[in-house]
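Number of protein chains: 2
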Amino acid sequence: MAIRYPGGRLFHESDHSAKKKSVSSQVIYGNRGMSLEQEINASNQYYLTHGIAVVHKKPIPVQIVDVNYPKRSAAVIKEAYFKTPSTTDYNGVYKGKYIDFEAKETKNKTSFPLKNFHEHQVQHMRACVAQGGICFTIIKFTQTQEIFLLPARVLFDYWQQQATGRKSIPKQAIIQAGYAIQYHINPTVPYLDAVDKFMATIQ
Amino acid sequence: MAIRYPGGRLFHESDHSAKKKSVSSQVIYGNRGMSLEQEINASNQYYLTHGIAVVHKKPIPVQIVDVNYPKRSAAVIKEAYFKTPSTTDYNGVYKGKYIDFEAKETKNKTSFPLKNFHEHQVQHMRACVAQGGICFTIIKFTQTQEIFLLPARVLFDYWQQQATGRKSIPKQAIIQAGYAIQYHINPTVPYLDAVDKFMATIQ
Chain A
1 MAIRYPGGRL
11 FHESDHSAKK
21 KSVSSQVIYG
31 NRGMSLEQEI
41 NASNQYYLTH
51 GIAVVHKKPI
61 PVQIVDVNYP
71 KRSAAVIKEA
81 YFKTPSTTDY
91 NGVYKGKYID
101 FEAKETKNKT
111 SFPLKNFHEH
121 QVQHMRACVA
131 QGGICFTIIK
141 FTQTQEIFLL
151 PARVLFDYWQ
161 QQATGRKSIP
171 KQAIIQAGYA
181 IQYHINPTVP
191 YLDAVDKFMA
201 TIQ
Chain B
1 MAIRYPGGRL
11 FHESDHSAKK
21 KSVSSQVIYG
31 NRGMSLEQEI
41 NASNQYYLTH
51 GIAVVHKKPI
61 PVQIVDVNYP
71 KRSAAVIKEA
81 YFKTPSTTDY
91 NGVYKGKYID
101 FEAKETKNKT
111 SFPLKNFHEH
121 QVQHMRACVA
131 QGGICFTIIK
141 FTQTQEIFLL
151 PARVLFDYWQ
161 QQATGRKSIP
171 KQAIIQAGYA
181 IQYHINPTVP
191 YLDAVDKFMA
201 TIQ
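So the sequence lines, in the order shown, correspond to chains A and B. FYI, this note's numbering numbers position 196 of the first sequence as 196, with every residue one higher than the one before it. FYI, this note's numbering numbers position 153 of the second sequence as 153, with every residue one higher than the one before it.
Among these hints, one or two may not hold up.
[To be verified] Derived lysine-lysine pairs resembling DSS-like cross-links, with alpha carbons at most 25 Å apart:
#, chain 1, residue 1, chain 2, residue 2
1, A, K197, A, K83
2, B, K95, A, K83
3, B, K95, A, K78
4, A, K104, B, K167
5, A, K83, B, K115
6, B, K58, B, K71
7, A, K197, A, K171
8, A, K83, B, K57
9, B, K57, A, K95
10, A, K58, A, K95
11, B, K115, B, K57
12, A, K167, A, K115
13, B, K95, B, K57
14, B, K115, A, K78
15, A, K58, A, K78
16, A, K57, B, K57
17, A, K58, A, K109
18, B, K115, A, K95
19, B, K167, A, K78
Hints were generated in silico from the structure; no laboratory data involved.
Throw the hints in and build the complete structure from the sequences for me.
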């Protein structure tokens, strides 16, 4: 039986399956166009809905200067400025533990530049580690689509040396001290597998 | 010896001590004018600088629609809208544990209205508790300046009943199931003392 829309137009199932396909493609081949941030957000959504972990990206901090309250509609922010974040982007809870991390990508092939971090972010990670939090960075080399979890203490070592030494972390050091994360279908970036390995070394 | 400013104007120490006094009054008598949010932010700052805990308020989530990038000055957000937060306001790490809470004040004298919470915030707290997080609400009765830590599970009970039952948590129930927080000088709201008592009951 032909199915029709209320207006009388015929319903073509193929229209819908085509749409559906493009949506699911977006999810499965996420690594072909999504930024690392989008991939991690999607993975966090997966972890949340499956009761595995609760991790959220913090909103971008803005200083709101002027807000308009039009009648009968939503408040409009008319003037605001970006503030420097005082923490990392992601935190949450996994197996009762506090986890805290920053996700960064680089086009570099052989090293990860330290200029991707701010002093206060490193300070924040130090404070979290001191409280027994699980802190790390997720680093993606976009040229090769390789992703690693790098424990915060490795970042601290290079951060401390940078005044006198090199201004980046060699990829070789990341491979040796970090944990590789393989792309997957669901979640796209299964970084908690790497967190498990990392947690096993510090308990 | 008279001390002068570069312009030649005399320096009067009394001007400065007067200013100093007003600043320290703001801190000590915080509960006489500060909102609960300001009091908790100040307490978190104390906990952070003394290496006791790392807890931050999350930035207000906004949907940015239009940004202006003027030459030689900071980017200006020209149009943005407030988004409904999908989590609670505060989270962080204390003694290796993930803590997560919402801070709310009420002018009511005998009960705390449940309309102070959104469904997704309660859902978020449920998810955090399921992961072993320490979740609670800090409730302030502004009329009497009384503050309590209320474990999330008590909120869950009343939240579930509200479709058929009362739409608020009686103050008596908060006194019985919660932990009173006494105002202090530093930190203003020493809520981690109450967290210690709460944590002792769930471990």
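Evaluated hints:
1. A:K197 - A:K83: At roughly 35 Å apart (the allowed maximum being 25 Å), K83 of chain A and K197 of chain A break the hint.
2. B:K95 - A:K83: 29 Å, violated
3. B:K95 - A:K78: Distance ~41 Å between K95 of chain B and K78 of chain A Cα, so the pair is violated.
4. A:K104 - B:K167: 45 Å, violated
5. A:K83 - B:K115: 31 Å, violated
6. B:K58 - B:K71: Since the Cα atoms of K58 of chain B and K71 of chain B sit roughly 30 Å apart, the hinted pair is violated (cutoff 25 Å).
7. A:K197 - A:K171: Holds: K197 of chain A and K171 of chain A sit about 20 Å apart, inside 25 Å.
8. A:K83 - B:K57: 14 Å, holds
9. B:K57 - A:K95: Roughly 23 Å separates the two Cα atoms, so the pair holds.
10. A:K58 - A:K95: 20 Å, holds
11. B:K115 - B:K57: 21 Å, holds
12. A:K167 - A:K115: 8 Å, holds
13. B:K95 - B:K57: 18 Å, holds
14. B:K115 - A:K78: With a Cα-Cα distance of about 29 Å, the restraint between K115 of chain B and K78 of chain A is violated, given a limit of 25 Å.
15. A:K58 - A:K78: 22 Å, holds
16. A:K57 - B:K57: 13 Å, holds
17. A:K58 - A:K109: Distance of about 29 Å is beyond 25 Å: violated.
18. B:K115 - A:K95: Roughly 31 Å separates the two Cα atoms, so the pair is violated.
19. B:K167 - A:K78: Violated, at about 36 Å.
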